[in-house]
Amino acid sequence: MFSGLHATIEGTRAALASIRAHAMRSALTTLGIVIGVAAVITVVAVMEGLSASIDSQLDDLGSDMVTLRARTSQEQAMLGFANKLSYEDFIVLKSKVNNVQDMSATMQAFTFGSKVSYGRETIQTQVIGTDANYQKVIKVFPQQGRFVRSSDDDRRRRVVFIGESVRKKLKLPDNPIGEFISLSGEWFRIIGVAEERGSLFGFDQDNYIIAPFSTMASLAGSRVTENIDILFRPAPGASLDNVQAQIRQILRKRHHLSGDDKDDFEFITAKKTKESFEKVTTSVTLVAGGVVGISLLVGGIGVMNIMLVSVTERTREIGINKALGATPNFIMLQFLVEALVLSLFGGLIGLLLGWGLAALLSMLMPGMPGALVPGWAIALSFGFTTAIGVIFGLMPAVKASKLNPIDALRYE
Amino acid sequence: MPVDAVISLKNISKRYQMGTETFYALRNISLNIERNDYVAIIGPSGSGKSTLMNILGCLDVPSEGQYLLANQAVATLDEAQLAQIRNQSVGFIFQSFNLLPRASVLANVMQPLVYRMIPTAQRRDMAEQALSRVGLSDKLGHFPNQLSGGQRQRVAIARALVTKPAILLGDEPTGNLDSKTTQDIMKLFDQLHEEGHTIVLVTHEQDIADHCRRVIRLVDGQVAQDSRNDMQTREKMHV
Chain A
1 MFSGLHATIE
11 GTRAALASIR
21 AHAMRSALTT
31 LGIVIGVAAV
41 ITVVAVMEGL
51 SASIDSQLDD
61 LGSDMVTLRA
71 RTSQEQAMLG
81 FANKLSYEDF
91 IVLKSKVNNV
101 QDMSATMQAF
111 TFGSKVSYGR
121 ETIQTQVIGT
131 DANYQKVIKV
141 FPQQGRFVRS
151 SDDDRRRRVV
161 FIGESVRKKL
171 KLPDNPIGEF
181 ISLSGEWFRI
191 IGVAEERGSL
201 FGFDQDNYII
211 APFSTMASLA
221 GSRVTENIDI
231 LFRPAPGASL
241 DNVQAQIRQI
251 LRKRHHLSGD
261 DKDDFEFITA
271 KKTKESFEKV
281 TTSVTLVAGG
291 VVGISLLVGG
301 IGVMNIMLVS
311 VTERTREIGI
321 NKALGATPNF
331 IMLQFLVEAL
341 VLSLFGGLIG
351 LLLGWGLAAL
361 LSMLMPGMPG
371 ALVPGWAIAL
381 SFGFTTAIGV
391 IFGLMPAVKA
401 SKLNPIDALR
411 YE
Chain B
1 MPVDAVISLK
11 NISKRYQMGT
21 ETFYALRNIS
31 LNIERNDYVA
41 IIGPSGSGKS
51 TLMNILGCLD
61 VPSEGQYLLA
71 NQAVATLDEA
81 QLAQIRNQSV
91 GFIFQSFNLL
101 PRASVLANVM
111 QPLVYRMIPT
121 AQRRDMAEQA
131 LSRVGLSDKL
141 GHFPNQLSGG
151 QRQRVAIARA
161 LVTKPAILLG
171 DEPTGNLDSK
181 TTQDIMKLFD
191 QLHEEGHTIV
201 LVTHEQDIAD
211 HCRRVIRLVD
221 GQVAQDSRND
231 MQTREKMHV
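Chains as they are written, first to last, in our numbering: chain A, 1 to 412; chain B, 1 to 239.
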């Protein structure tokens with residue numbers, strides 16, 4: 001007698017009327033789903049925005065840059081060993097390895113960064129000793145003045161190139177070129193200020209000082225020069241594998257490693273960094289997804305609960321409709337649609353709320369990139385809420401459809 | 001069975017199992033009700049008149065026997081098929097009106113048409129016609145709680161009429177009304193009968209039974225008396 005479509009349209013109409021009649025209760029019922037979906041969308045949006053921004057920042061950094069650094073295995077570290085790359089390693093590599101460009105040595109001069117002062121201001125920062133090639137590999141450009149040159153390195157000049165945050169924190173003038181600052185009591189002249197890079201994950205990327213490698217090495221003594229990082233790029237068209245193989249052969253020989261020994265150094269590429277970031281964001285998304293799944297389950301149980309209450313409350317109404325000719329299927333469809341509308345409505349509100357929340361978060365948190373809601377998250381949310389509506393709406397709907405009309409009509 | 005019978009019951013029994021004992025609500029009832037008849041079913045409480053009413057209205061099925069409603073065998077139908085029969089052939093009028101509280105007068109009367117494939121505009125026309133028949137054309141947008149008892153029962157009667165059913169089935173239709181309103185509602189039933197409707201009323205009030213042409217008295221689930229009121233009794237009631 002009924003076509004499915006007719007029954008669906010009439011069922012939807014009846015369901016909407018009933019939801020409207022209990023607006024407050026319906027709103028509270030959907031709250032669980034609203035919160036669940038809002039949480040999914042917020043987490044996904046923030047994570048997606050983050051990884052999109054990491055990708056682009058890593059690309060800016062020069063995706064072909066490779067860092068070579070000493071690697072100490074856990075066993076060795078527990079025995080008190082710390083492997084090192086020395087300046088001599090660098091010199092040998094620089095002269096022997098083919099197909100590389102812009103190879104530079106950098107050292108972290110921790111002792112000098114601990115007390116940097118200008119006038120009355122004193123700050124802590126990161127001091128890197130490196131050579132002119134560093135600029136080409138890491139792509140830092142001066143916004144004022146110039147970068148460290150080979151001549152600075154050759155003559156062990158006491159000059160520094162500073163990040164924008166250092167200038168601000170030390171309250172240096174807008175143009176600080178020629179000013180002198182003190183690094184742990186040693187005086188250095190400022191020769192340039194870097195372009196601002198902003199922050200990533202809330203980490204300030206402009207809080208650093210770069211000084212010539214040889215200057216820092218001579219001031220720090222041999223203790224620090226023992227361990228350095230080496231940055232390089234493969235020459236255009238050259239294979240990275242080939243370059244790495246050359247370096248490995250030279251270093252293993254220099255470090256007296258035999259066949260079974262593991263490398264005491266490692267290569268870090270932008271690609272590798274990207275992959276490990278992706279691993280982190282994926283697992284955060286998965287964990288958040290699990291938590292959210294549980295909250296959606298709870299939301300679904302809320303919908304079922306209220307639908308059961310609604311069936312009991314409307315027993316007489318169901319009886320009247322049955323007396324007037326409503327078939328069991330019609331009644332079932334009506335209640336199913338009602339549960340579905342409730343949960344989909346919750347899903348929609350949750351989506352908008354989550355979107356807004358993610359946008360707000362990325363606005364409020366410093367260094368947070370813009371939120372991004374991918375299509376799959378929207379589809380997933382709606383798929384999930386639909387499933388919840390159907391699964392948790394089915395039991396009350398079946399209960400309503402099976403009511404005996406005589407008993408239902410008598411129900412007070 | 002007369003060709004013109006709207007209702008034909010043959011050996012209808014309804015029994016309930018109560019523990020080890022079998023209880024008969026109806027026992028071997030056979031009767032015919034013809035088109036345009038006006039029947040009262042009376043009897044003390046527990047006589048089985050509600051059970052008979054439920055079976056006549058296709059809300060329930062007999063344990064045994066054959067029931068033809070508008071020439072259709074309904075004793076063995078399932079719930080979905082019974083729902084369709086109720087929608088097409090039965091117009092219910094209840095003691096407690098049983099209007100949908102959250103629906104307007106018009107929506108209440110349109111409701112049975114929802115279960116048919118009838119376009120909304122046409123539903124509206126039909127419902128307005130039925131409401132004008134019971135004199136409530138000016139209350140279309142009202143809600144049941146804004147109406148008096150008599151008006152509510154008129155809405156229920158309009159809702160029963162709107163599907164053009166084979167029988168109008170009233171279950172103590174004036175049980176919740178005062179005597180003045182009862183008179184009005186019974187007058188309406190009398191008119192509907194004169195217009196050709198087949199009406200069956202279940203009642204325990206003699207006044208109501210006196211309006212009808214035929215009175216069936218049930219005692220202990222059996223027909224104890226089946227008589228026709230003479231015209232004089234009915235004339236008296238029409239005054």
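The set of hints was computed from the structure by calculation and includes no laboratory data. Glycine is no exception: its CB is placed at the ideal position from the N, C-alpha and C atoms. Don't take every hint at face value.
Reference excerpt, derived from the structure (chain A facing chain B, CB under 7 Å, subset only) [said to hold, decoys possible]:
1) Gly4
2) Thr8
3) Glu10
4) Ala21
5) Ile320
6) Ala323
7) Leu324
8) Ala326
9) Thr327
10) Pro405
11) Ile406
12) Ala408
Derived list of chain B stretches under chain A, where covered just means 3 residues or more per stretch with a C-beta under 8 Å from a C-beta of chain A [what the hints assert, rightly or not]:
13) 22–29
14) 48–60
15) 64–72
16) 182–195
Status of the hints after comparison with the structure:
1. Gly4: Cβ of Gly4 (chain A) sits 12 Å from chain B, so the hint is violated.
2. Thr8: At about 13 Å, which exceeds the 7 Å cut-off, the nearest Cβ of chain B leaves the hint on Thr8 (chain A) violated.
3. Glu10: Holds - the Cβ of Glu10 (chain A) comes within 7 Å of chain B, reaching about 5 Å at its closest.
4. Ala21: holds, 5 Å
5. Ile320: holds, 5 Å
6. Ala323: With a closest approach of 5 Å, the Ala323 (chain A) hint holds.
7. Leu324: holds, 4 Å
8. Ala326: holds, 6 Å
9. Thr327: holds, 4 Å
10. Pro405: holds, 5 Å
11. Ile406: holds, 5 Å
12. Ala408: With a closest approach of 10 Å, the Ala408 (chain A) hint is violated.
13. 22–29: violated (count 0)
14. 48–60: holds (count 4)
15. 64–72: violated (count 0)
16. 182–195: violated (count 0)
Against the hints set out earlier in the document, violations occur for numbers 1, 2, 12, 13, 15, 16.
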